[in-house]
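Chains C and P are the protein sequences, given in the same order. Position one of the first sequence corresponds to residue 9 (the working numbering), numbered consecutively onward. Position one of the second sequence corresponds to residue 53 (the working numbering), numbered consecutively onward.
Since the hints were derived computationally from the structure, they do not count as laboratory data. This one's a predicted model, so the numbers in the text were calculated from it and none came from an experiment. Heads up, some of the hints might be wrong.
In the EDC-like style, the derived pairs of lysine to aspartate or glutamate whose C-alpha atoms are separated by at most 16 Å in a straight line are [stated by the list, open to error]: (1) P:K256 with P:D197; (2) C:K166 with C:D176; (3) C:K290 with P:E212; (4) C:K94 with P:D73; (5) P:K141 with C:D176; (6) C:K241 with P:E142.
Partner residues are not named here, just some residues of chain P that face chain C (Cβ under 10 Å, in silico) [to be verified]: (7) P82; (8) R132; (9) V139.
We put the CB at the ideal spot given by N, CA and C, even for glycine.
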Amino acid sequence: MKITVGIPRALLYYHYYPAWEAFFRILGAEVVLSDETTKFILDTGVHAAVDEACLPVKLYLGHLANLRDKGVDFIFAPRVVSVEEKKYLCPKFLGLPEMAQFSVPDLPELLSVEINIHQQYKETISGLYKLAARFDRRPWKARQALQAAEKAQRYYEKKLQEGLTPFDVLSGREPEKIQGALKVAVLGHSYNIYDPFISLGIIEKLRAAGVEVITAEMLSTGEISDGADMLEKDIFWTFGHLLMGAGLHFLQQQGIMGVVLVAAFGCGPDSLTCELIERYYKRRRTIPVLLVTLDEHTGEAGLVTRLEAFIDMLRWRKAI
Amino acid sequence: MKVTFPHLGSLSIALTGLFTDLGLEVIVPPPITKKAVNLGVLNAPEFACFPLKISLGNFIEALEAGADTLVMIGGTGPCRLGYYAQVQKEILRDLGYDFKMIILEPPQGQSRKLFNEIKTLCSNCSSLKVLQAIHTVWRKVKALDKLHARSLQIRARELECGETTAAYQQSLALISEAHTPQAVTVQLKKGMRLLNAVSRDQRKKVLRIGLVGEIYMLLEPYANLQLEKTLGEMGVEVERSAYLSDWIKEHLILNTLHLPSGVKTKMAAASYLNHFVGGHGRESVGDTVRYARRGYDGVIHILPFTCTPEIVAKSILPTVSREYGIPVLSISLDEQSGEAGFRTRLEAFIDLLAGVALTN
């Protein structure tokens, strides 16, 4: 029987799932995903977490509990410290394996390899080899798995730059092209905006209203850093840099009619980056911005009303 | 040039000394009050952490009082503090203030850079003068921390409520009068004498509580609702796990020389959290373990609401508390905190500790 490795459908799933899946598949393990978010999963997470943790962390813990209940052998819960030079992920990713271990009871063993490109590149690579050796002792197999992961990730990122969202690619549901649509950028952490449950389907709702949705993942790294170059001091969070860079890129672009900022309540980086993005947009007065804050109490009707009002306003502006 | 900086405990004494010794005009922001907090809350992002809001309030009040140069520290993440200055600068600019902001970034191996940044503040001072001023301020910071630590021990045993606080305030004034390293040492001795002269009950049995958590909240009495004074006056001996001099030693000296710092705390935290999580998350866990090992009666963990590194610590502390059998109270504070509710929680916690101490 194959060893099963559970991957929670939360947090970095939206960034790296194709690579992780390829890695474990080549090593001969069976990858088990947690179920799509439900009220039950979220509630489990909310109960397990400390009350102040942000919504995506609560959701992550809920997904871990879901995997535990599925009886997987291992759960892949890496400690992702940094994925590029001089930038970190938010502190919650640095302590995520511990938060999981001390919050959710009876978890299977967590595979918490440390990914730290900025400070410990060599240790990261050897850590990955060590992880691979637990599944297959042949070193060439580990190399093959890493190569497959890289290839899968590159293919995934290419797909995203063609204008698909991570949700579209990962779920295999390609949206129809909308002709003459209103172009609106949705900016937020991928684990907030692509989870149809906690984002209350914000992207689907916009598309249903005839809006073409653009997100930060669809931009190239060059476009992101061009945007971020407007800042005096670059942001030291990878995702903060992504959102800020995308926000400032759109600000200089023609064609984007409006921006929807999505923040999770209590998110440390969002509290500062969203503030700055809003300020820069307000100073230019060219593109309207809507800030939506999500938490576990978000009501759908309120969000629909705000989105409708925002889209109506954008249409009027276009008509004038 | 009129220089100002945010408040942080007794930091204003040290920095006023530094800048006046360099021949600069200093405008100290008015002491933190409800007004400063309200100004900060009104203009800062909604769920930014409390220290950002208070220091923004300090800046606004100082700018209103005529300051034109703001000194703030930077950082390289992942804690939000590293980006405070940029955000505050944009907010103040939108409010229409005209000012220059000097952001002191941690040197990361280049102590020369920090030195140069301090030199840009006063272009006509000699390097020797700058070095001397830095030497004096370092002595002052250490002296202030020593006086503070002593006051925490004495307050728990004072016979007359408030006597320690009065003596402590006098000793702070003594330190601010010193302008050379030697004078600081002399004044420190005088200050210690003042504190030791407080009449107290030496045989009184007191509870001992360790304070851990985020450094701003620990150091700034307004932000932590005078936690140390309140506990001391309830007859509890308090030890604070973080002082400004430790922070300076770690971030400006040891890290610059690539030397390890806080090894004992990190080792104590290792079996629970063996990784840096930004801010003081790991230290909060490690210091709790150390207080437990040293036989303290309890630990109070204090954090600003939404502080991510401390939330990581907060999810781990219940396990530490259970395994070491030491009661831990985590309190997150922000502008919404009410003093009466806070006091009630402290009293309940102390009653619990006293109960535990009786049964042992």
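List of violated hint numbers, smallest to largest: The structure conflicts with hints 1, 3, 4, 5 and 7, although it agrees with all the remaining ones.
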